[in-house]
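Start from chain L and add chain X according to the hints.
Residue numbers (UniProt numbering), protein chains in the order written: chain L, 1 to 447; chain X, 1 to 447.
Simulated from the structure, these hints should not be mistaken for laboratory data. One or more hints might be untrue.
For chains that are exact copies, the list does not tell them apart, and a pair is met inside one copy or across any two.
No more than 25 Å apart at the CA atoms, straight line, and that leaves these computed lysine to any residue pairs for SDA-like [to be verified]:
id : residue 1 : residue 2
1  : Lys65     : Gln405
2  : Lys185    : Arg433
3  : Lys175    : Arg350
4  : Lys185    : Thr311
Quantities reported herein were computed from a predicted structural model and do not represent experimental measurements.
Number of protein chains: 2
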Amino acid sequence: MTAPRTLHLNAFLMNAGHHDAAWRHPDSSPERVTDLRYFQELARTAERGRLDSIFFADGLALWGKARYNALGGFEPLTLLSAIAAVTEHIGLIATVSTTFNEPFHTARKFASLDHISGGRAGWNIVTSGTVDEARNFNRDEHLEHRVRYERAREFLDVATKLWDSWEDDAIVLDKERGIYADTDKLHPAAHRGEHFSVAGPLNVPRSPQGHPLLVQAGSSEDGKEFAAQYAEAVFTAQQTLADGQTFYKDLKSRLARYGRAESDLLVLPGIAPVIGSTEAEAKALEQQLTDLQVPEYGLAQLSGMLNVDLTGLPLDGPLPELPEERDINGNKSRFTLVAELARRDGLTLRELIARLGAGRGHRVFAGTPEQIADQLEQWFTQGAADGFNIMAPVLPTGLTDFVDQVVPILQRRGLFRTEYTGRTLRENYGLPRPANRHTGRPRPVTA
Amino acid sequence: MTAPRTLHLNAFLMNAGHHDAAWRHPDSSPERVTDLRYFQELARTAERGRLDSIFFADGLALWGKARYNALGGFEPLTLLSAIAAVTEHIGLIATVSTTFNEPFHTARKFASLDHISGGRAGWNIVTSGTVDEARNFNRDEHLEHRVRYERAREFLDVATKLWDSWEDDAIVLDKERGIYADTDKLHPAAHRGEHFSVAGPLNVPRSPQGHPLLVQAGSSEDGKEFAAQYAEAVFTAQQTLADGQTFYKDLKSRLARYGRAESDLLVLPGIAPVIGSTEAEAKALEQQLTDLQVPEYGLAQLSGMLNVDLTGLPLDGPLPELPEERDINGNKSRFTLVAELARRDGLTLRELIARLGAGRGHRVFAGTPEQIADQLEQWFTQGAADGFNIMAPVLPTGLTDFVDQVVPILQRRGLFRTEYTGRTLRENYGLPRPANRHTGRPRPVTA
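This is chain L alone, in the form it adopts within the complex (with noise of 0.2 Å):
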């Protein structure tokens, strides 16, 4: 008899929240987007939901309007780290771009994060998709679509190399005879490629989890690939449960080609829980955070999301007329998403940017911490998830109604574990630790 299948549930953290107006609503803390120990109080509330992880995004530049929302805050690794020292399980998800960084630095840092974590350390790779960040790092246009996810795997593959340029066992400490390693157990990566060449072997010894757990969110036709080919966790969007099922389906249909099981990764779909004690409180939530809404934002973020400039148009009005995916250099995935969603339900310039502004393009869902809970249910039960990134609209409320009222509803219907089991991120998550290519042996986590 096998353990019945449970979810996984990822809290993705932002500043005041994930809702565009949250840092207006009198529940959230926007004074305290650089304070660390916010941040620690949250992961701690995470951690007492028994989450499976807590997870930063990240761009490299100044995102949206400044003047509008409580934007700028830490580096992601940086703030990880100083999280670890006081939390004891939960996972630490950092994203990092491959399209501006050097494999060498990323390998080390994720390495770095591991030891100090114990084992709990996630990236989650993005290919840096704008003109504002290209522009911070020496270039006047982003590198298009197709060359960024070239460039994204040969750096995973200079990565694992780097990874595994330690055996297990390489360090023998022997005082008496004065042997430190065993230089015969360290590898050089060697790589020489078209985009990277890196000598090895790392400066870090392999971490317990051996690779960072590998998490990947873009669901272009690329990003689908290169998650079907490194990613163990894919966190998506998608609007209905059959959107979710068909994603679900296709994701898992394409591990096969790279040697891999269907459950070698797993898929984590957004939902930005809107809590209430009664429905009506919860759509009351919904709409005062619409209400504080600032529309020059909104606006301004739809435009990013779409590659189109709609300042000025009328908010009461349709969108304008769209290019085509292929022709998108930026987060196609998130561009058809939302051209989508406006077609199908109708919607103005207005409503578009409400029902935008909680998830950002993510699935919203207000109601009781029952109703919440059976949406879960049903998603994972139905083919669509195994799991969720739980996106709190307004933190820290989102996350504790969350963790109090929901969590313990999943744990009375057997979805969701009461005591965590795993001593590592991917022991949590019930992947395996990956084997070092020099020996092909993975080493059991008991040391």
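For chain X alone, kept in the frame of chain L given last:
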């Protein structure tokens, strides 16, 4: 009446200790070099001693021979962030290379660490000088010494523009009116130079110290000139009081041409104190460590410092003919120091390896706590130092002994603080908070 001049102390931490045989000594803990708690304990020991700061060196390749020394550990910024979370006062100085990084990333990480630590971040600026590092970053050879310093100057120019890109009071946080930041107080970096094009602004608001404390360690002609222009503290290696005085006077005399006062830069020579309750006991510890040295390792280290392959030369013979400093493209000042030490004292290779074992060219002094305090007082009062970079030969014991036995003597003599008086690293070092170029006004750190 002005307050009496007091000295500043930095604890330079290194894996098992600074002596290259430290890891073989019974008091060291080389099995803990990837254990966060080990470094947290060291930091708390330094804080208990009221030291100004701790510091980690760094290299972007596996140093020397891991076969014979406890090499490979944490990336310093990740580590310091996790240390920040469990300390309150101690300054946190990380080494980051300007040769193989991008200014946007580096400026951002230090701004993050400065926020995370409440104003305790410091950056030891280095220009990586080895081929092994270059080969991890897409190059077959490393950059020429002069070009590395040109790039370093432009890197600093960009970083300071980014740190000034948010004025101190840019965040308005008016929930009522829906205004988060006053975008008139956000400035692009708009940098277009020889090595970098960076648009800015930074995506982290201005941090408690404005800029992290800027530290530098190279003592070549290029290095000293760079220090005079940018550095606020200099770690240096001087063997004799006379050399220390010459270096101190030379460096301080260069400040005026950059419009800086002599008090704007602290000179902190390194010293590896070998502490014993009697002089004989200290000398015995020194001899014990020499006896534990692995000659192959010492020879490899020396080959690296001199840029000459010494493999196979008789250990009891002299140094071979050496090149001139102008032909050295690595660490020029360390080359000259070692070459002069060997010439001055007529040392064999074995003797030179023993001399360099504890401090890699930094001054080593074995004696009682009183004798060590005398040495520090002499250099401090006779124009060779504003404080010291303390390099414990064996950790943790060498640091604990220094804090428990040497610090109290310095305190009794009125040379060192008995309590922290500053809130930030700059305040403890007695250095001003830099003005923002867009306002000319430094903000008093009382917020």
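Now the hints, each set against the structure:
no.	hint	in the structure
1	Lys65 / Gln405	neither (34 Å within a copy, 55 Å between copies)
2	Lys185 / Arg433	within (19 Å within a copy, 48 Å between copies)
3	Lys175 / Arg350	between (70 Å within a copy, 21 Å between copies)
4	Lys185 / Thr311	between (59 Å within a copy, 23 Å between copies)
In this structure, the one hint that does not hold is number 1.
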